[in-house]
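Undergrad: First to last, the sequence lines map onto chains A and B. In this text, residue positions in the first sequence follow the working numbering: the first is 17, and each later residue adds one. In this text, residue positions in the second sequence follow the working numbering: the first is 17, and each later residue adds one.
Derived by calculation from the structure, the hints in this document are not laboratory data. Backbone N, C-alpha and C define an ideal beta-carbon position, used for all residues, glycine too. Each hint should be verified, as a subset may be incorrect.
To be verified - Lysine-lysine pairs mimicking DSSO-like chemistry, simulated, CA-CA at most 30 angstroms apart:
#	chain 1	residue 1	chain 2	residue 2
1	A	K189	B	K127
2	A	K165	B	K28
3	A	K161	B	K165
4	A	K28	B	K127
5	A	K165	A	K184
6	B	K28	A	K127
As the list claims (entries may be wrong) - Not close to chain B: a few residues of chain A, all C-beta gaps over 10 angstroms, as computed:
#	residue
7	R36
8	C59
9	V92
10	P122
11	L125
12	C233
There are 2 protein chains.
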Amino acid sequence: MEFAEYLPVWDKLTSEQQQRIAEVVEYRKVKKGTHIHDSSTECLGLVMVRTGQLRAYILSEDGREITISRLFEYDVSLLSASCVMPDMQFNVMIEAEKDTEFWSIPACLFKNLVDESLAVSAFANSLISGNFSELMWLMEQIMWKSFDKRLAAFLLEEVSIEGTPTLKVTHEKIAGHMGTAREVVTRMLRYFQSEGMVKLTRGTIEIADEKKLKALCDA
Amino acid sequence: MEFAEYLPVWDKLTSEQQQRIAEVVEYRKVKKGTHIHDSSTECLGLVMVRTGQLRAYILSEDGREITISRLFEYDVSLLSASCVMPDMQFNVMIEAEKDTEFWSIPACLFKNLVDESLAVSAFANSLISGNFSELMWLMEQIMWKSFDKRLAAFLLEEVSIEGTPTLKVTHEKIAGHMGTAREVVTRMLRYFQSEGMVKLTRGTIEIADEKKLKALCDA
Numbered sequence: 017m018e019f020a021e022y023l024p025v026w027d028k029l030t031s032e033q034q035q036r037i038a039e040v041v042e043y044r045k046v047k048k049g050t051h052i053h054d055s056s057t058e059c060l061g062l063v064m065v066r067t068g069q070l071r072a073y074i075l076s077e078d079g080r081e082i083t084i085s086r087l088f089e090y091d092v093s094l095l096s097a098s099c100v101m102p103d104m105q106f107n108v109m110i111e112a113e114k115d116t117e118f119w120s121i122p123a124c125l126f127k128n129l130v131d132e133s134l135a136v137s138a139f140a141n142s143l144i145s146g147n148f149s150e151l152m153w154l155m156e157q158i159m160w161k162s163f164d165k166r167l168a169a170f171l172l173e174e175v176s177i178e179g180t181p182t183l184k185v186t187h188e189k190i191a192g193h194m195g196t197a198r199e200v201v202t203r204m205l206r207y208f209q210s211e212g213m214v215k216l217t218r219g220t221i222e223i224a225d226e227k228k229l230k231a232l233c234d235a
Numbered sequence: 017m018e019f020a021e022y023l024p025v026w027d028k029l030t031s032e033q034q035q036r037i038a039e040v041v042e043y044r045k046v047k048k049g050t051h052i053h054d055s056s057t058e059c060l061g062l063v064m065v066r067t068g069q070l071r072a073y074i075l076s077e078d079g080r081e082i083t084i085s086r087l088f089e090y091d092v093s094l095l096s097a098s099c100v101m102p103d104m105q106f107n108v109m110i111e112a113e114k115d116t117e118f119w120s121i122p123a124c125l126f127k128n129l130v131d132e133s134l135a136v137s138a139f140a141n142s143l144i145s146g147n148f149s150e151l152m153w154l155m156e157q158i159m160w161k162s163f164d165k166r167l168a169a170f171l172l173e174e175v176s177i178e179g180t181p182t183l184k185v186t187h188e189k190i191a192g193h194m195g196t197a198r199e200v201v202t203r204m205l206r207y208f209q210s211e212g213m214v215k216l217t218r219g220t221i222e223i224a225d226e227k228k229l230k231a232l233c234d235a
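Using the sequences and the hints, build the whole thing.
TA: Spelled out as structure tokens, the structure:
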């Protein structure tokens with residue numbers, strides 16, 4: 017029952033509740049690029065990431081995307097279980113950004129546990145509050161920060177996630193994270209290049225001057 | 017104990033819990049324009065609106081605002097109690113848009129009730145989920161909808177709230193709701209006027225063609 021370690025509220029459950037989870041918890045291993053949750057599929061439930069990286073995003077009618085949350089090892093998310101949360105009405109997609117292993121607890125079981133256990137209810141509360149806080153931060157970024165700063169922040173975050181200054185990411189992908197068009201990303205990256213902050217080659221973006229990028233970000 | 021009617025979870029509390037609330041619940045009557053909560057004041061707690069209208073908004077460093085939620089009669093909000101919610105880190109201001117009467121339950125008592133009562137925890141859950149959903153909707157609007165549609169939707173909402181097609185609202189105020197500059201609002205309203213959708217006079221905006229405005233909004 018390795019997954020127990022990935023569910024922070026596990027120790028506060030009764031053994032009967034633990035057993036109910038153990039009986040239905042699902043382990044999955046998916047390839048990079050796999051869509052594990054969207055509005056057309058059934059509600060996935062609570063997701064616990066073992067390894068890899070997931071991203072949750074929303075999609076406009078004309079196909080533009082914006083990333084609202086990213087999940088790493090040990091992260092737990094309810095965004096894939098919005099169907100069971102009260103007063104939640106929106107569509108979130110989740111896809112694997114890297115090869116990913118995760119567990120999921122079916123939405124209906126999780127809902128039952130939320131209804132019967134104060135500990136699980138408090139846990140759900142903290143997950144949603146966390147998402148709300150993240151979304152608030154994102155909205156502040158979008159509303160008040162200029163695109164150059166947001167892009168600089170995104171590149172620095174990627175460097176920290178990937179652990180390398182040479183990012184293998186397309187302009188299209190970045191546009192999908194940031195809710196804008198590819199052309200807008202390309203234009204800004206070329207400007208960054210002209211300022212010596214990045215070096216662009218086919219398929220990669222190399223961070224050439226991290227300090228300058230940070231300064232732009234904090235300005 | 018009239019406030020009990022305004023607290024949906026009241027009947028699920030023990031009489032001891034009810035009494036603890038009754039002892040500290042605060043009734044206030046504030047004038048239009050009063051700031052009842054901001055980052056510099058103490059955490060207000062759970063707010064229950066008796067009459068009037070409140071709005072919750074966030075503020076950028078350079079003073080731009082955007083409305084994230086509006087509260088009417090019988091609405092209950094936790095946005096004024098973010099200090100006690102887990103993993104909530106952001107600053108929300110709340111001001112009265114009209115003369116308003118409301119009750120507040122101190123944040124620390126509400127936190128205790130959330131910790132000890134499954135019913136209150138579930139209630140808090142649904143409030144936060146509702147806020148999250150609202151914020152998600154707002155973000156979709158900002159990301160994907162053009163400003164003319166957002167402004168049309170805002171005007172129609174105001175007409176429905178005020179119950180009159182003649183709105184007494186400044187361009188400045190609208191800009192504060194929508195997270196933009198006054199000039200942007202003025203320019204778009206003039207365009208609406210040239211299209212026969214509104215009539216502008218000093219201090220008022222009269223909706224001249226609601227159908228056309230609706231069509232724009234739904235287009």
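Undergrad: Would C233(A) pass as off the interface with chain B, using Cβ distances and a cut of 10 angstroms?
TA: 15 angstroms, holds
Undergrad: Is K28(A) close enough to K127(B), meaning Cα to Cα at most 30 angstroms?
TA: 19 angstroms, holds
Undergrad: Measure nothing beyond the straight line between the CA atoms of K165(A) and K28(B); if it is 30 angstroms or shorter, mark the hint as holding.
TA: At roughly 49 angstroms apart (the allowed maximum being 30 angstroms), K28(B) and K165(A) break the hint.
Undergrad: L125(A) clear of chain B by more than 10 angstroms, beta carbon to beta carbon?
TA: Its Cβ never comes within 10 angstroms of chain B, the nearest being 17 angstroms, so this holds.
Undergrad: Hinted pair, alpha-carbon criterion (30 angstroms max): K161(A), K165(B). Please report holds or violated.
TA: Since the Cα atoms of K161(A) and K165(B) sit roughly 23 angstroms apart, the hinted pair holds (cutoff 30 angstroms).
Undergrad: Taking C-beta pairs only, is V92(A) more than 10 angstroms away from all of chain B?
TA: 12 angstroms, holds
Undergrad: Are all beta-carbon distances from R36(A) to chain B longer than 10 angstroms?
TA: With a cut-off of 10 angstroms, R36(A) remains clear of chain B, as the shortest Cβ separation is near 18 angstroms.
Undergrad: Compare the distance between the alpha carbons of K28(B) and K127(A) with 30 angstroms, and conclude whether the hinted pair is satisfied.
TA: 19 angstroms, holds
Undergrad: Minimum C-beta separation from P122(A) to chain B exceeding 10 angstroms: can you confirm that?
TA: P122(A) is indeed farther than 10 angstroms from all Cβ atoms of chain B, at 19 angstroms.
Undergrad: Take a quick look at whether K189(A) and K127(B) sit within 30 angstroms of each other, Cα to Cα.
TA: Answer violated: K189(A) to K127(B) is near 42 angstroms, above 30 angstroms.
Undergrad: Next pair to validate is K165(A) with K184(A); report whether the Cα-Cα distance is within 30 angstroms.
TA: 20 angstroms, holds
Undergrad: Any Cβ of chain B at or closer than 10 angstroms to C59(A), or is the non-interface label fine?
TA: 14 angstroms, holds
In the structure shown, a violation is registered for the earlier hints numbered 1 and 2, in ascending order.
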